[in-house]
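Hey, can you work out the whole structure from these sequences and the hints?
Number of protein chains: 2
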Amino acid sequence: MAKRSDTGEAPPLGFVEHDHGACRAAALAHARAVCVERGLKLTETRAAVLDILLESHAALGAYEVLRRLGAARGSAPQPPIAYRALDFLVANGLAHRIERLNAYVACARPGADHAGAFMICNGCGAVAEIPGEAAAKGLSRSADALGFDIARAVVEAEGSCPACRAASPESGS
Amino acid sequence: MAKRSDTGEAPPLGFVEHDHGACRAAALAHARAVCVERGLKLTETRAAVLDILLESHAALGAYEVLRRLGAARGSAPQPPIAYRALDFLVANGLAHRIERLNAYVACARPGADHAGAFMICNGCGAVAEIPGEAAAKGLSRSADALGFDIARAVVEAEGSCPACRAASPESGS
DNA sequence: CCTAGTAATGTTATGCTGTAACGGTCAAGG
DNA sequence: CCTTGACCGTTACAGCATAACATTACTAGG
Ligand SMILES: [Zn+2]
Ligand SMILES: [Zn+2]
Ligand SMILES: [Zn+2]
Ligand SMILES: [Zn+2]
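As they're listed, the protein sequences go chains P and H. Take the first sequence: its letters are residues 1 to 173, numbered as in my numbering. Take the second sequence: its letters are residues 1001 to 1173, numbered as in my numbering.
In case anyone wonders, no lab produced these hints; they're calculated from the structure. Even glycine gets a Cβ: it sits at the ideal position worked out from N, Cα and C. Keep in mind that a hint or two might mislead.
Taking beta-carbon pairs under 10 Å as the criterion, some of the chain H residues facing chain P (in silico) [claimed, not checked]:
(1) Asn1102
(2) Ala1117
(3) Cys1121
(4) Ile1130
(5) Ala1134
(6) Ala1136
(7) Lys1137
(8) Gly1138
(9) Ser1142
(10) Ala1157
(11) Ser1160
Next up, the structure:
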């Protein structure tokens, strides 16, 4: 495949093979560091939810998170438990909400600026997070022309990841 | 205001003053033409739902459409009635789904290519539909670099329209 | 005309997504 | 001690969406 150091971009996790154990540990460590730095509390529940999201680079619905949280605890927590933790993670850039799926994914670019864009594979459910600049640039030019002030941009592309394209080429061009 | 003929782009309805009665009639006429051309049936229910969406350039939730449909008929239709009509309109490019809002808006660019992007005003709920090219270009370059095949892109910016910025400038820069 | 097929609508029931509201727990600080 | 504030636990409900099946309407063929 293409080299990836030639553009200076971060490697796009989600579709590429990588040491996910390290990936997960690094994200968790980063979360702890961020919370210390900002005076936030990464409580047991929040850490557990983040860890659940970090199980893979797929997006999980709130109720799926809730189920796994219940399995991890032995009890059966109610929806607000999951939503509050997810809201905390999203508000602090540790996770993202995928609007197209009404689902949540752990942040794959710890510490980045966080105007991210996402590529969602319909085959395997993997989600890759990429810098949003490319899309945001064109978008903000359009917004300027309109006099519109962008507070937040949702950029989500749905399609087939390299692995899924290789596995079922009938849907290709 | 800024001239709008200097870029060759279509005028961005939704945020600009315009003769909305004509806008609505033209959209309805276009819908009829499209259906005739493609051998589709713009039934009473479908036309009614499209007309409801065309009441303004704001997005409506399915249940709000349902309520208005009930008001227009005198009966109280069930959710699938609205969803089926909305699905038909979306499938044929006569309306669009706004993922961020779980809501639907009439197409404001009849006959266009339909890889549109949307600007959603948090103040007044107006939605402007703009050509998606600007964002799509950067996005597809990223996708190519990843080996990702984009089937559909969701591009939705949330913020303040010119009118709402003027009305409440405290949230400005 | 009658019939069979298809497309759309009507109806029932249910599941997924998200939040309001209130009470309990625990730690920090006067 | 007693307040304050942040978080957690629980109940109840609101909003979004679809599966499944019954019914109606339109259409093509006999
Ligand atoms: Zn990973
Ligand atoms: Zn895939
Ligand atoms: Zn209009
Ligand atoms: Zn506005």
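Against the structure, the hints:
1. Interface hint status for Asn1102 (chain H): upheld, as the beta-carbon distance to the closest one in chain P is roughly 8 Å, under 10 Å.
2. This hint holds: Ala1117 (chain H) has a C-beta 7 Å from the nearest C-beta of chain P, less than the 10 Å allowed.
3. Taking 10 Å as the C-beta cut-off, the interface hint given for Cys1121 (chain H) holds, the closest approach to chain P being about 8 Å.
4. Checking Ile1130 (chain H) against chain P by beta carbon gives a least distance of about 5 Å; that is within 10 Å, so the hint holds.
5. At about 3 Å, the closest approach between the beta carbon of Ala1134 (chain H) and any beta carbon in chain P falls short of 10 Å, and the interface hint on this residue holds.
6. Look at Ala1136 (chain H): its Cβ gets to within about 8 Å of chain P, closer than 10 Å, so that hint holds up.
7. For Lys1137 (chain H), the shortest C-beta to C-beta distance to chain P is roughly 6 Å, which falls under 10 Å, so the interface hint holds.
8. A hinted interface residue such as Gly1138 (chain H) counts as satisfied when its beta carbon comes closer than 10 Å to some beta carbon of chain P; here the least separation is about 3 Å, so the hint holds.
9. Interface hint at Ser1142 (chain H): satisfied, since its Cβ lies 5 Å from the closest Cβ of chain P, which is below the 10 Å cut-off.
10. Proximity of Ala1157 (chain H) to chain P holds as hinted, the smallest CB-CB distance being about 5 Å (cut-off 10 Å).
11. Nearest Cβ of chain P to the Cβ of Ser1160 (chain H): about 5 Å, under the 10 Å cut. The hint holds.
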